[in-house]
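J.: Read top to bottom, the protein sequences are chains A and F. Each residue of the first sequence is one higher than the one before, starting from 1 at the first, in the working numbering. Each residue of the second sequence is one higher than the one before, starting from 494 at the first, in the working numbering.
The hints are simulated quantities; they were obtained by calculation from the structure and are not laboratory data. None of the values given here were measured: they were computed from a predicted structure. Check each hint, because a few of them may be wrong.
[Unchecked claim] In silico DSS-like links for lysine-lysine, alpha-carbon gap of 30 Å or less:
no.: 1; chain 1: A; residue 1: K31; chain 2: F; residue 2: K576
no.: 2; chain 1: A; residue 1: K12; chain 2: F; residue 2: K650
no.: 3; chain 1: A; residue 1: K415; chain 2: A; residue 2: K287
no.: 4; chain 1: A; residue 1: K287; chain 2: A; residue 2: K260
no.: 5; chain 1: F; residue 1: K622; chain 2: A; residue 2: K23
no.: 6; chain 1: F; residue 1: K517; chain 2: A; residue 2: K12
no.: 7; chain 1: A; residue 1: K12; chain 2: A; residue 2: K176
no.: 8; chain 1: A; residue 1: K12; chain 2: F; residue 2: K497
no.: 9; chain 1: F; residue 1: K497; chain 2: A; residue 2: K62
no.: 10; chain 1: F; residue 1: K496; chain 2: A; residue 2: K62
no.: 11; chain 1: A; residue 1: K394; chain 2: A; residue 2: K424
no.: 12; chain 1: F; residue 1: K576; chain 2: F; residue 2: K637
no.: 13; chain 1: F; residue 1: K497; chain 2: A; residue 2: K14
no.: 14; chain 1: A; residue 1: K428; chain 2: A; residue 2: K9
no.: 15; chain 1: F; residue 1: K622; chain 2: A; residue 2: K428
no.: 16; chain 1: A; residue 1: K422; chain 2: F; residue 2: K637
no.: 17; chain 1: A; residue 1: K57; chain 2: F; residue 2: K497
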Amino acid sequence: MDNYSVVGKRVKNKDAVAKVTGKAVFTADIKLKGMLFGRVLRSKVAHAKILNIDVSKALELKGVKAVVTCKDTPLIKYSIHPLMADKLAFEDMKVRHVGDEIAAVAAVDEETAAKAISLIKVDLEEVEGVFDPVEAMKDGAPQIHDHVENNISKQFTMDCGDVEQGFAQSDFIMEKTFTTQAQAHCSIETHVCVAEYSPDHQVTVWVNTQAPHPLKHRISQVLSIPPEKIRVIPPFIGGAFGGKIDLDTTHVACVLLSRKTSRPVKIVNTREDQFTATRIRHPTICKLKFGFNRDGTIVAKQAKAIIDNGAYNSHGPSVMGYHNVMFSSLYRVDNIFYEGSLVYTNKNYGGACRGYGDPQATFAQETMMDMIAEKLEMDPIELRLKNANRADEKTANAVQITSCGLSETLEAAKKASNWSEKMKTKKKYRGLGVASMIYTGGGSRGSGFNYSGATIKMDAAGTIFLHTGATDIGQGSNTTLTMIAAETLGMEP
Amino acid sequence: MVKKYPIRVNVNGDDYDALVDPRKTLLQFLREDLDLTGTKEGCDEGDCGACSVIFNNKVVSSCLVLAVEADNAVIETIEGVQKGEELHPVQQAFVDSGAIQCGFCTPGMVITTKAMLEEMPDPSTEEVKEYLSGNMCRCTGYVKILDAVENAKEILKNGK
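Taking the hints into account, I'd like the entire structure generated from these sequences.
T.: Structural data, given as structure tokens:
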């Protein structure tokens, strides 16, 4: 770090002054001339057939300018996995969870929009729902999507080495089941969107999104609008944590309502909307079986996981993929078996959420490691060191470990925490613990092009313009990218 | 139409005469009628503190106060904290301490810190934590926020 003049030094956050003065403009602060206010009609029941939607009474209400339903859309389903797309912006045949979107209105103010929502008459025929993924997989369980039997959206198996032989050769076998719950991201700023159609049929969407470029393409797909007609602008973003990475019906609603009214339309989610109708962390049930020797070597490990998808796929398939890779790649184990089932239930559905499946897998595996240490009467750090990944190795599941400081980190943490002394004098009800984790990042994987790229332009005055797809959601990327550019160009940040 | 009521309220040193819907919150009045959007709506039920303003020298959650209750009140919002070109010491301390991540809680944090230091110039760490307990930072930057409060306290004590 000594060789750098900017990187590694303390630099003040570029956005700090705007934020401490209240001048930073967040999406909800945007007010455009002639702006209308939108609301989304969301299902109050978990599972029902939609028989009829009558919007006539809502349209008659003074101040209501437009109502949209599935009939205003080309009925194109979406998910981040195009081949597993299963969600309509507005459902046409069925609602599959409390909060599922049915219609949206635009009116002169929020109160009128809310009133109009209550005047939309939806004839529903409630059907039995299923809320437990284990129940949902059983024969005879209510089927949530017509094309998906036993509600199993995806099943995935990975078999490396010979796990049965590994168990047979182990001194001990331990089997435990770990469950994790749903979690809301709870960013203090709710989801907000403003869309404005220009007279030449271009639409500008101001939205607190973590991913403006993918969002443009998703709006384009779902509404069959050419992407060059859509401009997505993320203003300052009040926290996201993965919850603002996906297309949301509020985005589609704003675009459609603005097109229909030729006026800007704004939708601000309430806190209740956030909890019922924006993405959550996937709950999981993870059955682990580990085979290990007296000296602490993990010989074989197996995970049988059920990922509770909720009503739609969203990021579910890749969250399950991460759950596997993060479970399987941590520690040097020759024999690994993973079986994952992604299961639909009639609940709000999961999406990207801090760690993307990793925390669920790591919680299970690391608790298991502590249990193994206890059984072997071994120090939990020693057990982890015994099995720690090393640089320049390939794991059994073919993940190339490039750099790796796991052992060094564990040793340093042991020393800095005065671990050995504390373990000896530890009292009942006082916690002392250690956990390892592995993670990979970077937005360009699997997308076919490099989201992580940046371009730099310089004008005649020597001013540098840095263009990046990264959105600053509080992590400070605007500042750190400026620092990297300044370092490279030999300038002040 | 709902009957509206006249109020006179002083916000950041200026008097405003307004006719307000009796159901309108002070938060809505500030953001929608006065365009003072630095005050944020987070939970809209008094839990998060993003909408904190100083109301007759006391910090309140403006989402829990009706605009009609602000009749004859003196209110300070984040927009009133900076005087002239220089940041207020509390603002400067938040900038210098890196006590800002997404920034959505920041106006409420700054307002609450300012009110606290005006009420008690030398709070203990425990008193600071208690005073700021109604302001949430979901990015979990509390340590640096406490650093910022400490810095602001020192600057103000030394009479800058």
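J.: Each hint should be assessed against the structure and marked as holding or not.
T.: Do the hints match the structure? See the list:
1. With a C-alpha separation of about 26 Å, the suggested pair K31 of chain A and K576 of chain F falls inside the 30 Å cut-off, and the hint holds.
2. Between K12 of chain A and K650 of chain F the alpha-carbon distance is near 24 Å, which keeps this suggested pair within the 30 Å criterion.
3. With a C-alpha separation of about 34 Å, the suggested pair K415 of chain A and K287 of chain A falls outside the 30 Å cut-off, and the hint is violated.
4. Proposed proximity of K287 of chain A and K260 of chain A is contradicted: the alpha carbons are some 51 Å apart, above 30 Å.
5. Between K622 of chain F and K23 of chain A the CA atoms are separated by roughly 26 Å; this keeps the pair inside 30 Å, and the hint holds.
6. For the suggested pair K517 of chain F and K12 of chain A, the alpha carbons sit about 39 Å apart, so the restraint of at most 30 Å is broken.
7. For the given pair, K12 of chain A sits about 47 Å from K176 of chain A by alpha-carbon distance, which is inconsistent with the 30 Å threshold.
8. Between the alpha carbons of K12 of chain A and K497 of chain F the distance comes to roughly 46 Å, so the proposed pair goes past 30 Å and is violated.
9. This hinted pair checks out: K497 of chain F and K62 of chain A have alpha carbons roughly 20 Å apart, not beyond 30 Å.
10. Under the criterion of a C-alpha separation no larger than 30 Å, the hint pairing K496 of chain F with K62 of chain A is consistent with the structure, at around 18 Å.
11. Between K394 of chain A and K424 of chain A, the direct Cα distance comes to roughly 36 Å. Violation of the 30 Å bound is thereby established for this hinted pair.
12. Note on K576 of chain F and K637 of chain F: the hinted pairing holds, with a Cα-Cα distance of about 24 Å set against a maximum of 30 Å.
13. Taking the CA atoms of K497 of chain F and K14 of chain A, the gap is about 43 Å. The hint is violated against a cut of 30 Å.
14. With a C-alpha separation of about 43 Å, the suggested pairing of K428 of chain A with K9 of chain A is violated against the 30 Å cut-off.
15. Only pairs whose Cα atoms come within 30 Å are accepted, and K622 of chain F paired with K428 of chain A is accepted, the gap being roughly 28 Å.
16. A C-alpha spacing of about 28 Å is found between K422 of chain A and K637 of chain F, which places the hinted pair at or below 30 Å, so the restraint holds.
17. Taking the CA atoms of K57 of chain A and K497 of chain F, the gap is about 27 Å. The hint holds against a cut of 30 Å.
When each numbered hint is compared with the structure, violations occur for hints 3, 4, 6, 7, 8, 11, 13, 14.
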